[in-house]
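Asks: Produce the entire structure from the sequences given, and follow the hints as far as they go.
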Amino acid sequence: MTDIATIRARPTGSVRGSLHRASGLTAALVVLALVAVAAAWPALLASRDPSAVHPTSRLSAPSVAHPFGTDELGRDVLARVVHGARPSLEVGLGAVAIGLLVGGSVGLLCGLSRGWPGALLARTLDVLLAFPSLLLALTIISISGAGTGNIALALGIASLPVFARIVRGEVLRVRDQPHIDGAVAAGVRRTTIAYRHILPNIAAPIVAFAGLAIGVEILTASSLSFLGFGPLPPAADWGTLISAGRDYLSDAWWITFFPGLVIVATVIALGRLSTLAGGTPWRPAP
Numbered sequence: 001m002t003d004i005a006t007i008r009a010r011p012t013g014s015v016r017g018s019l020h021r022a023s024g025l026t027a028a029l030v031v032l033a034l035v036a037v038a039a040a041w042p043a044l045l046a047s048r049d050p051s052a053v054h055p056t057s058r059l060s061a062p063s064v065a066h067p068f069g070t071d072e073l074g075r076d077v078l079a080r081v082v083h084g085a086r087p088s089l090e091v092g093l094g095a096v097a098i099g100l101l102v103g104g105s106v107g108l109l110c111g112l113s114r115g116w117p118g119a120l121l122a123r124t125l126d127v128l129l130a131f132p133s134l135l136l137a138l139t140i141i142s143i144s145g146a147g148t149g150n151i152a153l154a155l156g157i158a159s160l161p162v163f164a165r166i167v168r169g170e171v172l173r174v175r176d177q178p179h180i181d182g183a184v185a186a187g188v189r190r191t192t193i194a195y196r197h198i199l200p201n202i203a204a205p206i207v208a209f210a211g212l213a214i215g216v217e218i219l220t221a222s223s224l225s226f227l228g229f230g231p232l233p234p235a236a237d238w239g240t241l242i243s244a245g246r247d248y249l250s251d252a253w254w255i256t257f258f259p260g261l262v263i264v265a266t267v268i269a270l271g272r273l274s275t276l277a278g279g280t281p282w283r284p285a286p
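If you read the sequence shown in the numbering used here, its first letter stands for residue 1, the second for the next number, and so on.
Hints listed in this document are in silico derivations from the structure and should not be mistaken for laboratory results. Keep in mind that a hint or two might mislead.
Claimed, not checked - If you anchor each label on the Cβ, the simulated ranges turn out as follows: (1) A119 <-> G149: 50 to 60 Å; (2) A65 <-> V264: 17 to 27 Å; (3) V64 <-> I143: 24 to 34 Å; (4) A36 <-> S144: 23 to 33 Å; (5) T26 <-> D251: 31 to 41 Å; (6) T26 <-> W116: 17 to 27 Å; (7) L276 <-> F131: 25 to 35 Å; (8) I268 <-> V174: 28 to 38 Å; (9) L44 <-> G182: 46 to 56 Å; (10) I268 <-> L129: 17 to 27 Å; (11) D49 <-> A97: 27 to 37 Å; (12) D251 <-> R123: 45 to 55 Å; (13) L73 <-> V30: 49 to 59 Å.
Every residue, glycine too, gets a C-beta built ideally from N, C-alpha and C.
Replies: The following block contains the structure:
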């Protein structure tokens with residue numbers, strides 16, 4: 001009797017998996033909600049002026065008054081991290097929007113094209129994918145200049161072949177299904193087939209990848225900001241904050257630790273949410 005009660009009380013693997021997924025989803029949503037609030041209404045999370053200088057409080061360790069400590073000029077690190085959410089998100093969302101709209105359209109056209117036009121577009125994408133995206137972004141930024149908008153544009157252009165390749169692979173996966181062949185046999189126009197039959201079937205994995213790509217672009221933008229290509233002062237994104245504190249790692253670790261922690265938490269939350277939303281969308285395209 002005791003054994004039966006123990007077996008019934010013990011959660012099954014599926015239940016444990018469901019609880020794990022639910023807890024992961026909840027944590028991801030909480031992190032992303034805080035980041036969204038920080039970007040839209042930063043005063044709700046940090047009432048201090050991120051640019052206010054207090055020489056008497058410089059390099060203060062985390063405390064009740066300054067939960068994230070202060071930097072070399074006495075500025076509140078929490079306020080700077082909160083206010084840095086907006087430019088970081090603007091770059092991530094802007095880059096993904098450009099890559100998804102332009103690259104996705106090219107991938108859709110490439111997947112629907114049969115014969116040599118489709119093959120030519122596919123080989124062109126392969127050539128573009130051979131270029132390192134970070135190097136391409138650095139080249140564009142060196143020409144257009146630093147700033148949030150230019151970083152978003154550069155990363156968006158660099159991500160075009162990636163989005164095009166993934167969308168093409170998803171289109172190839174669904175275009176030969178029976179209901180698509182039936183629509184073609186019925187004389188339905190190609191544009192109608194694309195928007196009514198193909199796009200709804202590839203939307204979930206593409207949206208999932210787009211969510212994951214936002215985190216990747218935020219991480220890449222932070223790397224560019226660390227190299228000095230970030231937003232122009234007095235604005236500062238998370239990468240700029242990390243770069244500003246690298247000279248004080250031994251004495252004031254919190255200047256770089258907390259912006260880095262927020263970046264990691266945001267990227268992991270976006271990845272977790274994307275995985276739960278649509279799984280891993282990448283499938284090798286022929």
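Asks: Range hint 31 to 41 Å: satisfied by the CB atoms of T26 and D251?
Replies: 37 Å, holds
Asks: Determine whether the Cβ-Cβ distance between I268 and L129 falls within the hinted range of 17 to 27 Å.
Replies: 26 Å, holds
Asks: Given a hinted range of 28 to 38 Å, is it respected by the beta-carbon distance of I268 and V174?
Replies: Given about 30 Å between the Cβ atoms, the range holds.
Asks: Confirm or reject the claim that L44 and G182 have a C-beta distance inside 46 to 56 Å.
Replies: 53 Å, holds
Asks: Within 23 to 33 Å or not, the Cβ separation of A36 and S144?
Replies: 28 Å, holds
Asks: Between the beta carbons of A119 and G149, is the distance compatible with 50 to 60 Å?
Replies: 36 Å, violated
Asks: Okay, L73 versus V30 on CB: inside 49 to 59 Å?
Replies: The hinted range 49 to 59 Å is violated for L73 and V30, with Cβ atoms some 31 Å apart.
Asks: Given the hint of 24 to 34 Å, is the C-beta distance from V64 to I143 inside that range or not?
Replies: 47 Å, violated
Asks: For A65 and V264, compare the CB-CB distance with the range 17 to 27 Å and indicate the outcome.
Replies: 26 Å, holds
Asks: Falls inside 45 to 55 Å, the C-beta gap from D251 to R123?
Replies: At 54 Å between Cβs, range holds.
Asks: May I ask you to test the hint 17 to 27 Å on the CB atoms belonging to T26 and W116?
Replies: With Cβ atoms ~50 Å apart, the hint is violated.
Asks: Cβ-Cβ distance between D49 and A97: within 27 to 37 Å?
Replies: 31 Å, holds
The structure fails hints 1, 3, 6 and 13 (numbered hints given earlier, in ascending order).
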